[in-house]
Amino acid sequence: MSEPLTRTRLIRTLNQTIRILLMLATTFLGLLLITFLIGRIVPIDPVLAVVGDKASPQVYEKARIAMGLHLPLWKQFLIYIGNVVTGDFGTSVLTANPVIDDILRVFPATFELAITATIMGILSGIPLGIFSAVKQGSFFDHVTRVIGLFGYSLPIFWLGLLALMFFYVRLDLLPGPGRVDLFYEGIVTPVTGILMIDSIIAGEWEIFRNAVYHLILPASLLGYYSMAYLSRMTRSFMIEQLRQEYILTARVKGVKEWKVIWGHALGNCAIPLITVIALSFGSLLEGSVLTETVFAWPGLGLYLTNSLLNADMNAVLGSTIVVGAIFLGVNLFSDVLYKVMDPRAR
Amino acid sequence: MMTNKTLKTGRMREWLRADTPDSAFQAWSGRAYLGLLRFMKNRLAVLGLLIIVALIVIAVLAPVIAPYDPVETDIGNRLQPLSFTHYLGTDEMGRDIFSRIVFGSRLTLYIISLVAIIAAPVGILVGTVAGYFGGIVDTVLMRITDIFLAFPKLILALAFVSALGPGIENAVIAISITSWPPYARIARAETITIRNCDFIKAVRLQGAGALRIITGHIMPLCLPSLIIRVTLDMAGIILTAAGLGFLGLGAQPPTPEWGAMTAGGRTYIIDHWWLISMPGTAIFIVSLAFNLLGDGLREVLDPRSDN
Chain A
1 MSEPLTRTRL IRTLNQTIRI LLMLATTFLG LLLITFLIGR IVPIDPVLAV VGDKASPQVY
61 EKARIAMGLH LPLWKQFLIY IGNVVTGDFG TSVLTANPVI DDILRVFPAT FELAITATIM
121 GILSGIPLGI FSAVKQGSFF DHVTRVIGLF GYSLPIFWLG LLALMFFYVR LDLLPGPGRV
181 DLFYEGIVTP VTGILMIDSI IAGEWEIFRN AVYHLILPAS LLGYYSMAYL SRMTRSFMIE
241 QLRQEYILTA RVKGVKEWKV IWGHALGNCA IPLITVIALS FGSLLEGSVL TETVFAWPGL
301 GLYLTNSLLN ADMNAVLGST IVVGAIFLGV NLFSDVLYKV MDPRAR
Chain B
1 MMTNKTLKTG RMREWLRADT PDSAFQAWSG RAYLGLLRFM KNRLAVLGLL IIVALIVIAV
61 LAPVIAPYDP VETDIGNRLQ PLSFTHYLGT DEMGRDIFSR IVFGSRLTLY IISLVAIIAA
121 PVGILVGTVA GYFGGIVDTV LMRITDIFLA FPKLILALAF VSALGPGIEN AVIAISITSW
181 PPYARIARAE TITIRNCDFI KAVRLQGAGA LRIITGHIMP LCLPSLIIRV TLDMAGIILT
241 AAGLGFLGLG AQPPTPEWGA MTAGGRTYII DHWWLISMPG TAIFIVSLAF NLLGDGLREV
301 LDPRSDN
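Protein sequence lines correspond, in order, to chains A and B. Under this note's numbering, the letters of the first sequence match residues 1 to 346, in that order. Under this note's numbering, the letters of the second sequence match residues 1 to 307, in that order.
Think of the hints as simulated: they come from the structure by calculation, not from any bench. All values derive from a computational prediction rather than experimental measurement. The reader is advised that the hints may include incorrect statements.
As the list claims (entries may be wrong) - The list that follows gives simulated cross-link-like pairs (lysine to any residue, SDA-like), each with its CA atoms no further than 25 angstroms apart:
1) B:Lys41 / B:Arg13
2) B:Lys41 / A:Phe150
3) A:Lys339 / B:Thr139
4) A:Lys75 / A:Pro98
5) B:Lys41 / A:Asp141
Please model the entire structure based on the sequences and the hints provided.
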């Protein structure tokens, strides 16, 4: 490869990186603007909340200046950006902790749930999608489509309650709400915050087993939604690939059928599938709000709803920003991976 | 009499399927007829449509169908199981669950139609303006759209509801604010393919202004794909609204909103299964119906799925 060619490629890559980063920055700024404005339209007067409604006008004015509320809006916004970027989301009214500390404490629980669910979704949804694409129009295909359709139509909180009612109340097969039995709570010192890993580190196998049992129901619930989405997308990607002529060529050449499907066709679906998986991970964060409420799972979703019900605005907006940032990060990750893996996208 | 009628329908069909229609109306009717045939072949989509029609009928006739007042409490009859006097049992306040679900259909329809009425016009306006003018207008509008698209809908809706306060109207506003961006995207894509067509140039040569071209000539052409998308979104809107209701941020008790009813039944999950099962089933059936209908409409109206 000649020298000038690599240089132009380098410049192009650099250009693209800058463009992506710029887009990311504006999107994040947009999110901050939204949360800032939401914080402004709240009918609760933040100064009154601090000084109480019996304060004299002088005290009120002093507090207002101390909180920076006398500044013009754009200046307040700049200060807000500065705070958020340095990880200062204010203090939670409910827990009296800095919001960022609360979020860091509860997030691992959500991560544990979402990542388990994603893995379950990938392991079940992608094979289902492949089989129903291969056997298009068969009974199996119809069943898969119905399962997928139900996933798009069932309210997640309701399915969660039904699952609890059935597996916990009726059959007593699986434990009820929470991350571990009350009995085991607080024994393991958090290292990663992910209970399954922490209990292994501590050598507490009893707790590990208990934590896994607790995880099964909520993770399968979220995993089902992930499966519904992934199987549907995989099916349509695969059908499109299997129609292509290179598949026919491979078959004519005598390539084994399983290799045509799992090697050739699936290989070409891999890249769009990554994007879809990233998207489904994002929507799991969303689904986890309702799931965590149903299962009393002490993660970000439960923290968010508790703050919501107590009008704890700093905590609500802080959680919103964090979830939004994760969403952006996941999208960026899939974009980059896409560029790395697909030579046409370079 | 009989033969006359069959003759008439036969001629009607001939007129509809004519290869060389005499008028624009005939051509349009013919296309609509073929679309209808395709739609009718999709049994599940027809089922979805029937369920939605039934929902509308139930909502309109709610006072006639419901045997009891949906909010009237009757503590003496609380937590009754299913019976012939209370088809779906009663809840913790002795309210008849069947009547509450029947009246709840009104709220569901109210929410989805309001969201559609607010979000679809906003989306179509932003999308057509961005697509028609292009350049800096396009960049700015689409950047704003992308910002809204980049974040999970439910979380954003939650943040808005927390600021506006709980309540069904605020839930509708919050869902609308988070629902318009995909419509803007679709409208923009359609506009870009249309804007350089000869017929637009002809209208422009006749002296039509941008406003007239956008509202009179571009928007109507964006409608079919938008309608499909809105129908497909209805299920999601119902689920989001029910989720907000479940979290206590949507309709407030004693309003018979299905999500809020499910939340109310949580405490009684161990011995009184019907409290949570019934409203959830209603949500499921309605959102399933919208999904079925949306899929069917997409197959009929989307030219790409022709083969």
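inquiry  = Check whether the Cα positions of A:Lys339 and B:Thr139 lie no farther apart than 25 angstroms.
reply    = Answer holds: A:Lys339 to B:Thr139 is near 23 angstroms, not above 25 angstroms.
| request: Could you grab the alpha-carbon distance between A:Lys75 and A:Pro98 and see if it respects the 25 angstroms cut-off? | output: holds (23 angstroms)
query: If you draw a straight line from the CA of B:Lys41 to the CA of A:Asp141, is it 25 angstroms or shorter?
result: Between B:Lys41 and A:Asp141 the Cα gap is close to 19 angstroms, so the pair holds against 25 angstroms.
25 angstroms Cα cutoff - pair B:Lys41, B:Arg13:
OK: B:Lys41 and B:Arg13 at ~17 angstroms, within 25 angstroms.
* 25 angstroms limit on alpha-carbon distance, applied to hinted pair B:Lys41 and A:Phe150 -> Measuring from Cα to Cα gives roughly 22 angstroms; hence the hint holds.
Checked against the numbered hints above, the structure breaks none of them.
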